[in-house]
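Chains as they are written, first to last, in UniProt numbering: chain A, 1 to 528; chain B, 1 to 528.
Honestly, the hints are just simulated from the structure, not real lab data. A couple of the hints might just be wrong.
Which copy is meant is left open, so a pair is good if it fits within one copy or across any two.
[Unchecked claim] In silico BS3-like pairs for lysine-lysine, Cα to Cα no more than 25 Å straight-line: (1) Lys22 x Lys171; (2) Lys473 x Lys518; (3) Lys288 x Lys19.
Bear in mind that the values here come from a model prediction, so they are computed numbers and not experimental data.
2 protein chains.
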Amino acid sequence: MSEFGTLESRVRRKSLLSKVCKAEDCIKYFSPGQDLMWSGFTPAGYPKMVPIALANHVEANNLQGQWKFNLFIGASVGAETEDRWAALDMIDRRWPYQTGKNIAAGINAGRIRMGDKHLGHFAQDAGYGFYTGNGRYDIGIIEVSAITEDCGLALTTSCGIVAEALHLCDKIIIEVNTGQPSFEGMHDIHMQQKPPHRAPFLITAADSRIGTPYVPCDPDRIVAIVESKLRDKGRAFAEQDDTSEAIAGHIMDFFSHEIKMGRLPENLLPLQSGVGSIANAVIGGLAKGPFRNLSVYTEVLQDTMLDFFDGGNLLCASSCSLSLSETPGFPRFFENWERYFDKITLRPLSISNAPEPIRRLGCIAMNTPVEIDMYAHANSTLVGGTRMINGLGGSGDFLRNGYLKIMHTPSSRPSKTDPNGISCVVPHCSHIDHTEHDLDCVVTEQGLADLRGLCPRDRALKIIEKCAHPDYKPILTDYYQMALKDTLAKGIGHEPQLWDRAFKMHLNLAQNGTMKVKNWDVKLDLCE
Amino acid sequence: MSEFGTLESRVRRKSLLSKVCKAEDCIKYFSPGQDLMWSGFTPAGYPKMVPIALANHVEANNLQGQWKFNLFIGASVGAETEDRWAALDMIDRRWPYQTGKNIAAGINAGRIRMGDKHLGHFAQDAGYGFYTGNGRYDIGIIEVSAITEDCGLALTTSCGIVAEALHLCDKIIIEVNTGQPSFEGMHDIHMQQKPPHRAPFLITAADSRIGTPYVPCDPDRIVAIVESKLRDKGRAFAEQDDTSEAIAGHIMDFFSHEIKMGRLPENLLPLQSGVGSIANAVIGGLAKGPFRNLSVYTEVLQDTMLDFFDGGNLLCASSCSLSLSETPGFPRFFENWERYFDKITLRPLSISNAPEPIRRLGCIAMNTPVEIDMYAHANSTLVGGTRMINGLGGSGDFLRNGYLKIMHTPSSRPSKTDPNGISCVVPHCSHIDHTEHDLDCVVTEQGLADLRGLCPRDRALKIIEKCAHPDYKPILTDYYQMALKDTLAKGIGHEPQLWDRAFKMHLNLAQNGTMKVKNWDVKLDLCE
Chain A
1 MSEFGTLESR VRRKSLLSKV CKAEDCIKYF SPGQDLMWSG FTPAGYPKMV
51 PIALANHVEA NNLQGQWKFN LFIGASVGAE TEDRWAALDM IDRRWPYQTG
101 KNIAAGINAG RIRMGDKHLG HFAQDAGYGF YTGNGRYDIG IIEVSAITED
151 CGLALTTSCG IVAEALHLCD KIIIEVNTGQ PSFEGMHDIH MQQKPPHRAP
201 FLITAADSRI GTPYVPCDPD RIVAIVESKL RDKGRAFAEQ DDTSEAIAGH
251 IMDFFSHEIK MGRLPENLLP LQSGVGSIAN AVIGGLAKGP FRNLSVYTEV
301 LQDTMLDFFD GGNLLCASSC SLSLSETPGF PRFFENWERY FDKITLRPLS
351 ISNAPEPIRR LGCIAMNTPV EIDMYAHANS TLVGGTRMIN GLGGSGDFLR
401 NGYLKIMHTP SSRPSKTDPN GISCVVPHCS HIDHTEHDLD CVVTEQGLAD
451 LRGLCPRDRA LKIIEKCAHP DYKPILTDYY QMALKDTLAK GIGHEPQLWD
501 RAFKMHLNLA QNGTMKVKNW DVKLDLCE
Chain B
1 MSEFGTLESR VRRKSLLSKV CKAEDCIKYF SPGQDLMWSG FTPAGYPKMV
51 PIALANHVEA NNLQGQWKFN LFIGASVGAE TEDRWAALDM IDRRWPYQTG
101 KNIAAGINAG RIRMGDKHLG HFAQDAGYGF YTGNGRYDIG IIEVSAITED
151 CGLALTTSCG IVAEALHLCD KIIIEVNTGQ PSFEGMHDIH MQQKPPHRAP
201 FLITAADSRI GTPYVPCDPD RIVAIVESKL RDKGRAFAEQ DDTSEAIAGH
251 IMDFFSHEIK MGRLPENLLP LQSGVGSIAN AVIGGLAKGP FRNLSVYTEV
301 LQDTMLDFFD GGNLLCASSC SLSLSETPGF PRFFENWERY FDKITLRPLS
351 ISNAPEPIRR LGCIAMNTPV EIDMYAHANS TLVGGTRMIN GLGGSGDFLR
401 NGYLKIMHTP SSRPSKTDPN GISCVVPHCS HIDHTEHDLD CVVTEQGLAD
451 LRGLCPRDRA LKIIEKCAHP DYKPILTDYY QMALKDTLAK GIGHEPQLWD
501 RAFKMHLNLA QNGTMKVKNW DVKLDLCE
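Chain A on its own, in the form it takes in the complex (with noise of 0.2 Å):
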């Protein structure tokens, strides 16, 4: 018997032991082609049994390349599920956000067809039937703590897509965990219709809570249950640095400096706070900083977040996910289980990332860009502008509707052969998923720049000026004033460029290791 409960004491509907089989035992539901919605998000509370057993029967039956599966899941899940799955070519298409070294190879080499979408959008679109030809899944895979008498699913470490996934798959596969205790009680499931019938979601505050500890699920569409004992395997903690310490330090300013000027209450607004080493200096920032009574309103909570409740400031948080890492995120999480359950709410990601209550409350968004250009475009997701890291994730969704939008990043990272090769300001992003209408701030470890109120000519001097690193501020103010004389003297200055050499720092990187270009004088040919 396992010391969190029996997997007989977990299923409450008994009718559905019958239903208890092996994971190896649900290999038989699948085959080639087919499109497959799982539980999880950022990494936490993702299925992990039936995808292993999966792998394997792939690996042992040399199926590589010939089983292959469109995955539909509400973020990333865990290394040993989804990574080794492309490692053995088993995954065709991906929706809307990845984590791993193999997959995002096959992304970047065309094995693999991602699609990044705003985490807020994954959900209802799904819903809406926008993914496949006639709206529908062949197969969900759920991982869940218990079930109810009345079929209610009880959730583990995420919500996601999981009501949806419940409606729109043909069958279902469940997951009970009894490798940990139940989170039973921690979710707040709003079961949502479609346009023109949606309702408004009534969350006034991060602990609102406006429906039920339960996803309802018909019992007829569960085709198999399997034990789990498996944990999440959580992102690894990123240690903080001098930098992001320095970044810390200068949002912890700004924020006194809007109470000050009466833009923020004393217990701030709900935060929402990305993953890295810098959200986690934020996040420690405040455990240990002046501002009490707060609250969190985000998409993932991570093992900072256990020292923010301990240190008292913080009251509640409302997240998709709780993403502890394996050790000692969870084993401290579950020793002190008391202290923290009641204070959480975990809800589906279609509410977690809604715009409505993210701009009800006024979110303080903050999150960290690949590359910011001066005038405040932000790109999140590709390298280059064309290599994928993982996506876009929630950063859309709360960087649009966010009271304070916020971009950290460091102003510079090692290339290869520079240790300040690459600029994280540059002329103009090689890709942008948050437009110049969508930031209030930007904030590196030179300072913050400010931009509320400022117009792009106006932006590009202050990004330059308090954000830059002081190796790119002459590169990247000589840009500027070219770019600003060539086109005010045309009368095209609204935002100042030149596309014949707009790119050549990334350019320069590419052929010579560093940002650091020489000089902006280009000779481009067009070769007519």
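Starting from the structure of chain A, add chain B where the hints point.
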């Protein structure tokens, strides 16, 4: 006495009659450098008497360039006001949208600093105090139909940012328009608190009413009341042509297909349609077309909307403004007042363009860009990436939040020397206002590309095949295949581009008067 009632009958709060004066008497309140808010939206419901008196004053006293103001207005206003101000060099900052030859010239020559924002952000950001040092404005100039006994303002042909202006401006000047019927009762004003105290907007249909027909106003802030008999100088009707008729045809076919597939109800979903000849052709098609019991939820109602009502297919329309032509639009509206009045709801910009109702209702968003690229990024604002036309408007509010997001454009436009010298489908947009993550369909007279569920590489093939002008299909295909081969070989090909030539079509247009590049060779010497 006016045929539409006297000033005395319109100003029902009698104590305010002591503040009635001439427009010229208001000049004393103005001084250079002030921050002004006006009523008005895409030219409708804007103040005329006082702005014209100020322009006359500047002209008569040779104050050009010495009397400059910062203008914050819901959107564009009549050319006799803002564009004349621009001609007289009376504008320093202008937020967030404008129309007019002189104002565009001033912006693109660097004399006017324009901030281009999502209209749905502008109203709230102004209210948050983001655009001026202390968040306050000096003077608000507001056109009204009437003032109630309680000092509620019944507005005219638009709502714009009046609710915000009445809170934020130190002094208020009212223009009572007795030169047209009173629009009292057409508006639905919902006053909002700032986060974290903002309440839901309980709009569940285009004709939901959630507020009051008046904007509450503090009478002590009103410093002057001026009578006006001047009517809006609305946008002239854009003629339909074969291209726009063909585009409308593709869209009508697409709607029929979506109904058949169960993805749209028989009466579609609330429609948002931009301005211009394509939008007119689409609305014209719907006026005649097979779909009945339709509704409109948009930001601007134009002349074609009267045909749409008259044809019997349109039940109701919600908008921020009623922007009819001076003739024949408004006279036709006034003559058939009873037919239209109850079917129209005018809302504040902060509601008409808010993500919350647009997404809940599931609007079908349709707008015309400057150019789109093969991955479905769209440029709505800057010709050649640097020259401002009008601004973003509400295109992003609707395209991000709609149920279906459609961009329609001719496949090509004439340059000075080539009737198809400009391709509206390019390898990479020279400015990006809407990202690939936001659009579902692209339509030209050539065809409709349904991009839902396609990865970037598949999107490029589809857009070139369905939408590009025949002259440009081989040119774009060559570029795409070349970029595909190069980036896939390097394992960086999620979204292929080549930065040494992505803008060759734009550069060729500037240099040779056509985007028809003869080949894609470039010799880019970085001149290091």
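Verification of the supplied hints:
no.: 1; hint: Lys22 x Lys171; result: within (16 Å within a copy, 75 Å between copies)
no.: 2; hint: Lys473 x Lys518; result: within (13 Å within a copy, 38 Å between copies)
no.: 3; hint: Lys288 x Lys19; result: neither (50 Å within a copy, 56 Å between copies)
Hint 3 from the earlier list is the only one contradicted by this structure; the remaining hints agree with it.
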